[in-house]
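Colleague: Produce the entire structure from the sequences given, and follow the hints as far as they go.
In order, the protein sequences belong to chains F and B. Residue numbers for the first sequence follow our numbering, beginning at 1 and rising by one. Residue numbers for the second sequence follow our numbering, beginning at 1 and rising by one.
Straight-line C-alpha distance at most 25 Å; calculated DSS-like pairs for lysine-lysine:
hint : chain 1 : residue 1 : chain 2 : residue 2
1    : B       : Lys408    : F       : Lys11
2    : F       : Lys22     : B       : Lys416
3    : B       : Lys441    : B       : Lys350
Since the hints were made in silico from the structure, they are not lab data.
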Amino acid sequence: MSALSPEIREKIISYYGRYPNKQAITLPALHMVQEAYNCVSREAINEIADLLELNPTQVVDTMTFYGFFRDEHHPLGKKRVWVCRSLSCMLRGGDELLAEVCDRLHLRPGQTTPDGEMTLELAECLGACDGAPCILINDELQLKVGVEEVLALAKPQGGSKS
Amino acid sequence: MPSLFINSVEIEVQPKENIVQAARRAGVEIPHYCWHPDLSVVASCRMCLVEAGTKKDDGTVAMQPRLVPACQTPATPNTVVVTDSPKVKSSQAQTLEYLLLNHPLDCSICDQAGECYLQDYTYQFGKAESRLDEPKVQRQDKYYIGEQIALFTDRCVMCTRCVRFTREYSGTAELFVTSRGSVEEIEVLPGQPCDNKLAGNVVDLCPVGALCSKDFLYKKRVWWLKSADSVCQLCSTGCSITVDQSESKVERVRPRENPQAQGSFMCDDGRFGWKFAHSENRIRAPRIGRASHGQVASPQLTTIGAPTNAVEQYSMSVNQSTPLATATVSDLTFADPWPGLINHLQSVLKQSAQDHPTKTLAVFSPFMTCEEAYLLADYLKKTNPKITLAMGPVPVVGEDDTYPKGPKGQSPAAEKTRFTIRAEKAPNRLGVEAVLQHFQKSIVNDEQWLSSMELNPFETVLVVGNSPAEWLNDETVSKLRRAGKLIVVDILENNLTHAADVVIPGVSFVEKEGTVVNHAGLAQTFHPAIRCSDGTRPDVRTYMELSGRSGLYHGPTIRAEMASVIPAFAAFETGELGELGKRVFS
Chain F
1 MSALSPEIRE KIISYYGRYP NKQAITLPAL HMVQEAYNCV SREAINEIAD LLELNPTQVV
61 DTMTFYGFFR DEHHPLGKKR VWVCRSLSCM LRGGDELLAE VCDRLHLRPG QTTPDGEMTL
121 ELAECLGACD GAPCILINDE LQLKVGVEEV LALAKPQGGS KS
Chain B
1 MPSLFINSVE IEVQPKENIV QAARRAGVEI PHYCWHPDLS VVASCRMCLV EAGTKKDDGT
61 VAMQPRLVPA CQTPATPNTV VVTDSPKVKS SQAQTLEYLL LNHPLDCSIC DQAGECYLQD
121 YTYQFGKAES RLDEPKVQRQ DKYYIGEQIA LFTDRCVMCT RCVRFTREYS GTAELFVTSR
181 GSVEEIEVLP GQPCDNKLAG NVVDLCPVGA LCSKDFLYKK RVWWLKSADS VCQLCSTGCS
241 ITVDQSESKV ERVRPRENPQ AQGSFMCDDG RFGWKFAHSE NRIRAPRIGR ASHGQVASPQ
301 LTTIGAPTNA VEQYSMSVNQ STPLATATVS DLTFADPWPG LINHLQSVLK QSAQDHPTKT
361 LAVFSPFMTC EEAYLLADYL KKTNPKITLA MGPVPVVGED DTYPKGPKGQ SPAAEKTRFT
421 IRAEKAPNRL GVEAVLQHFQ KSIVNDEQWL SSMELNPFET VLVVGNSPAE WLNDETVSKL
481 RRAGKLIVVD ILENNLTHAA DVVIPGVSFV EKEGTVVNHA GLAQTFHPAI RCSDGTRPDV
541 RTYMELSGRS GLYHGPTIRA EMASVIPAFA AFETGELGEL GKRVFS
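Modeller: Here you go:
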C-alpha cells in the first residue's frame with residue numbers, strides 16, 4: 001500500500017523538469033503531501049526520497065528544518081489557526097487573546113484539540129497590522145478577532161472554513 | 001608564475017586551492033571546523049573568517065570591507081589575505097565564544113581532550129572567560145547513533161562534517177541534522193544507526209568530542225598514547241594508518257592521510273582489525289611436536305627445551321639428564337628456546353635439501369612482508385636451488401566493496417569511486433610474488449602444489465601463515481599433513497599449527513617492521529608500534545639467524561640489498577620509502 005496517492009506521485013514527477021536537480025523538488029513535494037494528508041509520514045518520506053533519488057534522511061533533514069511540517073505523530077487538525085504575535089497585535093491584545101484561547105482549550109501553541117478540529121499555532125507578523133489582533137485560518141486572514149471567534153473555530157464546523 | 005599574498009608572504013598560486021590550503025603552505029594556520037579537504041564546502045562554522053582583497057596592476061591593494069570565509073574563497077592570483085589583523089582576531093574570539101556558549105566544560109571526562117580543536121583554538125584564538133550568565137542547554141547523549149559510535153550531543157558544534165561524510169563519501173547517509181537553530185542536533189532515523197563499513201571515520205572527522213568511538217571510550221587519555229606509522233594489512237588497499245599504543249597495548253588505529261594509497265579515511269574492518277595481536281590464541285613460544293600430542297615428550301622436546309602445550313609455553317627448559325616426568329622445580333631453568341629451535345630447523349632443512357631437494361617445499365604467504373619473503377627465499381635457495389618456493393592461497397572474500405553507495409545501496413561507477421575495500425584480504429600478494437618470481441622464476445600457485453601433495457607428497461614442507469584469521473581450510477591442511485615434516489610459522493593457533501611438527505611463532509604487523517606492496521604496486525614501510533608479545537620475536541630475526549647472517553635486522557639495509565638483487569625492487573635502492581611509500585611496480 002503506497003503512502004502517496006497516484007495523483008501526488010504524478011504531480012511530484014511532473015515537477016522533474018522545473019528544477020536543475022531532483023533534490024530541489026523536496027520542498028514542493030513535502031508541501032503537497034502535508035496538504036493532502038495533514039502530515040508527512042515516514043512512509044511518505046521514503047516514497048518522496050525514492051521518487052527524488054535521495055536518501056530518506058535528506059528529506060527528513062529538510063522537513064525538520066521547517067517548523068511548518070508535521071510528522072505522523074503530530075498531525076494537523078482540520079483547521080490550522082495561526083495567531084499573530086508581532087508588535088502591533090501584541091499592543092492590541094494579541095497576547096491576551098492567545099493566553100485566553102490556550103487556557104480555555106487546554107492547548108499550547110503547536111498543539112491540536114483532542115478531536116482533531118483545530119491546531120493552534122504562533123505566527124510571526126501576518127502583515128495585517130491595521131486589523132490587529134489578526135489570525136490566519138489555514139490560508140485565510142481574519143482581522144480584529146476576539147476570543148470567542150477563535151474558540152468557535154475549535155468546534156466542529158465552526159468558523160468560516162472547514 | 002602568478003602569486004598571492006598571505007600576511008605579506010608571497011606564495012605561488014596552485015590550482016584548485018582555497019585560502020586555508022594556500023595559507024598552510026605559507027606557514028599560516030587558519031582555524032576551521034567545518035571545512036575538510038575531502039568534503040564539500042559549507043562555510044558554516046565561521047571560524048576561518050579572514051580579511052581578503054586584491055592587489056591591482058598599479059600596485060594598490062583593495063581590501064573587501066567584510067570578512068570572508070577562507071575555506072570558501074579560492075586562492076586566485078593577486079589575492080591578498082590578512083589573518084592576523086585585530087578585526088580577524090576579534091572575529092575568531094567571538095566565533096569561539098559563540099561555539100562555547102552551550103558547550104559543556106567536561107574536558108576532564110571527554111575522550112577528545114588533548115586533541116580537541118575547541119581546546120586548541122580557544123588556547124590560540126579565544127578568550128579565557130565566558131560572558132554567559134544563563135545555564136547551558138543540556139541535551140541527551142545518543143549512544144544509539146552507531147554500533148561503534150556514541151554522540152555526546154551537547155559537545156557538538158554543528159560543523160556537519162559527519163553528515164557530509166555519510167552523504168558524500170560513504171553514500172549511506174544515515175546521519176542528518178534535525179530541526180534548526182538552537183535546537184538542531186545530529187540524528188539518525190529510528191532503527192537505522194550509522195553502521196556502514198566506513199562509519200568509524202566520523203569519529204576522526206569530528207573536530208570536538210561529540211562523536212566518540214565506543215571501542216576507545218574512556219580507555220586512555222590521548223596524551224599517554226605513543227604513535228607509530230603503519231599500514232593496514234586487512235586488504236590489498238593497504239591504507240596508511242597510525243597505530244596508537246600505550247604500555248605495549250594497542251589502543252586504537254587511525255587513518256593516516258596518503259593520497260597515493262587510500263586518501264584520508266579507512267574502513268572499520270581495518271580500524272578494529274588489529275585485535276588479533278592481543279588475542280589469547282597467540283602462539284607464545286616455539287614448539288616441536290604436535291599440540292594434539294599433549295604433554296608427551298618427544299625426543300626433540302627435551303633437547304631444545306620447548307614446552308609442548310599452550311599452558312606451559314613459558315620457555316622452561318628441562319635439565320637434559322632428567323626425564324620430564326620426574327623433573328623437579330630445581331631442574332627447571334628459564335632458558336631461551338630460540339637457539340635450539342634455529343639449530344633444529346637448520347639441521348632439518350639442510351638434511352631435507354640434501355636427501356630430497358625436489359621434495360622440499362616452502363609455502364609463502366601474502367601476509368609476509370617483502371623483507372621476510374626475501375630473507376627466507378634467499379636462505380632456502382642458497383641451501384639448495386632445487387627447493388620449491390610456492391605461493392599460498394590468497395584469501396578473496398566476495399567482491400570489491402566500493403563507496404560512495406547510491407540511495408539504494410548500489411555501488412558507484414568506477415570513475416565516481418572514492419574508497420574501495422578490496423576483496424583480496426591480504427596486504428602483500430604483489431610483493432611476495434615479485435620475490436618468488438625472482439627466486440623460483442615462476443609463481444607456483446596453491447593449486448599446483450596442492451595437487452602434488454595429493455599425488456606425490458613433498459617430504460618436508462615449510463608453511464608461513466601469519467594470517468589474522470584461519471587461512472587454510474581443513475582439506476588443505478590434511479593434504480599438507482601428508483608431508484613427512486610440516487614446519488609452520490604462524491601468529492595464532494589454528495588448524496594448521498595443530499597439524500604441524502614444528503611451530504614457530506610469528507608476530508603481527510603492529511609488532512614488526514616491514515614493507516608491503518598494495519594492489520596498485522605502492523610499497524609502504526610500516527613500523528612497530530609495540531614490543532613483540534612475550535615469547536615471540538620478529539619473523540625476520542628468525543630468518544636472519546636461519547641463514548646465518550650476522551648482526552641485527554635493519555630494514556633499510558635489507559631493502560637496499562633487495563634492490564640490488566631483484567630488479568623489480570629497484571625502487572628500494574636507498575632502503576627508505578618515506579612516509580607515503582613509493583610505487584615499485586604499476
